[in-house]
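Novice: Those protein sequence lines, which keep their order, are chains G and P.
Position 79 of the first sequence, counted from 1, bears residue number 79 in this note's numbering, the numbering being contiguous throughout.
Position 30 of the second sequence, counted from 1, bears residue number 30 in this note's numbering, the numbering being contiguous throughout.
Take these hints with a grain of salt, some might be off.
As the list claims (entries may be wrong) - Label-pair restraints from in silico Cβ distances:
id, chain 1, residue 1, chain 2, residue 2, range
1, G, 27, P, 43, 40 to 50 Å
2, G, 13, P, 60, 23 to 33 Å
3, G, 101, P, 67, 37 to 47 Å
4, P, 69, G, 15, 40 to 50 Å
5, P, 13, G, 15, 44 to 54 Å
6, P, 31, G, 31, 26 to 36 Å
7, G, 100, P, 61, 29 to 39 Å
What the hints assert, rightly or not - To list a few chain P residues with every Cβ distance to chain G over 12 Å, as calculated:
id, residue
8, 55
9, 58
10, 91
Claimed, not checked - Derived DSS-like pairs: lysine-lysine, alpha-carbon spacing no greater than 27 Å straight-line:
id, chain 1, residue 1, chain 2, residue 2
11, G, 43, P, 68
12, G, 64, G, 75
13, P, 107, P, 68
14, G, 75, G, 43
15, P, 107, G, 64
16, P, 47, P, 68
17, P, 68, G, 75
18, P, 107, G, 43
19, P, 107, P, 47
20, G, 64, G, 43
21, G, 13, G, 43
For the record, the hints were derived by calculation from the structure and aren't laboratory data.
For each residue, glycine too, the CB sits at the ideal point set by N, CA and C.
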Amino acid sequence: QVQLQESGPGLVKPSETLSVTCTVSTGSISGYFWTWIRQSPGKGLEWIGYIHYSGSTNYNPSLKSRVTISVDTSKNQFSLNLTSVSAADTAVYYCARLQPPNNRNFDYCGQGTLVTVSS
Amino acid sequence: QSALTQPPSASGSPGQSVTISCTGTSSDVGGNNYVSWYQQHPGNAPKLVIYEIRNRPSGVPDRFSGSKFGNTASLTVSGLQADDEADYYCSSHAGHNNFMIFGGGTKLTVL
Numbered sequence: 001q002v003q004l005q006e007s008g009p010g011l012v013k014p015s016e017t018l019s020v021t022c023t024v025s026t027g028s029i030s031g032y033f034w035t036w037i038r039q040s041p042g043k044g045l046e047w048i049g050y051i052h053y054s055g056s057t058n059y060n061p062s063l064k065s066r067v068t069i070s071v072d073t074s075k076n077q078f079s080l081n082l083t084s085v086s087a088a089d090t091a092v093y094y095c096a097r098l099q100p101p102n103n104r105n106f107d108y109c110g111q112g113t114l115v116t117v118s119s
Numbered sequence: 001q002s003a004l005t006q007p008p009s010a011s012g013s014p015g016q017s018v019t020i021s022c023t024g025t026s027s028d029v030g031g032n033n034y035v036s037w038y039q040q041h042p043g044n045a046p047k048l049v050i051y052e053i054r055n056r057p058s059g060v061p062d063r064f065s066g067s068k069f070g071n072t073a074s075l076t077v078s079g080l081q082a083d084d085e086a087d088y089y090c091s092s093h094a095g096h097n098n099f100m101i102f103g104g105g106t107k108l109t110v111l
């Protein structure tokens, strides 16, 4: 059973950078793909991007210019940075693992962290 | 507007079956076997209930089943129980750039 836990700032000002970290508390981050998904209040799910433990990434084209996902295998963590945020980025941010071996859906997911963009 | 189309709501009585549809295109749902379904109770994270069209993760009851015909995938919940009341989202792989796309979600009500 893989356990993931997001940690984030809760509140970010418009135009600033949103940073959220996911800690994989059981199991190793190595050997897998990890992903970020968000859900705006009362809305559906949106894929943000993924990272392989080796560091290779793939981002949603609609967010690509503002997103960076990084991994720190020594801490069993991966992180999301989203720059130039606006109210439209207010959402619950979930971290998850892509299900091996095909890595086309996620199987384990954190409980999510709400990030509100407001001045 | 979501990339995949789901009905906003569905309902059924305890013990009955209900089917939720998910319609895409030949570039996503119709073009590969990577359709998955997630159950989300209010305030909780999404939980995987079906992957690769019809496979159930360990621990998901066999009352949940998936299928696909053409560009439309379906989730059927049989023997409805009160705890099945939740939002259900479909997802499909759609290539490297549109790696994971979702439906708008269906609110399942157990009457």
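Novice: Determine for every hint whether it applies to the structure shown.
Specialist: Here is what the structure says about each hint:
no.: 1; hint: G:27 with P:43: 40 to 50 Å; result: violated (25 Å)
no.: 2; hint: G:13 with P:60: 23 to 33 Å; result: violated (41 Å)
no.: 3; hint: G:101 with P:67: 37 to 47 Å; result: violated (23 Å)
no.: 4; hint: P:69 with G:15: 40 to 50 Å; result: holds (47 Å)
no.: 5; hint: P:13 with G:15: 44 to 54 Å; result: holds (51 Å)
no.: 6; hint: P:31 with G:31: 26 to 36 Å; result: holds (28 Å)
no.: 7; hint: G:100 with P:61: 29 to 39 Å; result: violated (23 Å)
no.: 8; hint: 55; result: violated (10 Å)
no.: 9; hint: 58; result: violated (10 Å)
no.: 10; hint: 91; result: violated (6 Å)
no.: 11; hint: G:43 with P:68; result: holds (25 Å)
no.: 12; hint: G:64 with G:75; result: holds (25 Å)
no.: 13; hint: P:107 with P:68; result: holds (20 Å)
no.: 14; hint: G:75 with G:43; result: violated (32 Å)
no.: 15; hint: P:107 with G:64; result: violated (31 Å)
no.: 16; hint: P:47 with P:68; result: holds (20 Å)
no.: 17; hint: P:68 with G:75; result: violated (41 Å)
no.: 18; hint: P:107 with G:43; result: holds (12 Å)
no.: 19; hint: P:107 with P:47; result: holds (15 Å)
no.: 20; hint: G:64 with G:43; result: holds (21 Å)
no.: 21; hint: G:13 with G:43; result: holds (22 Å)
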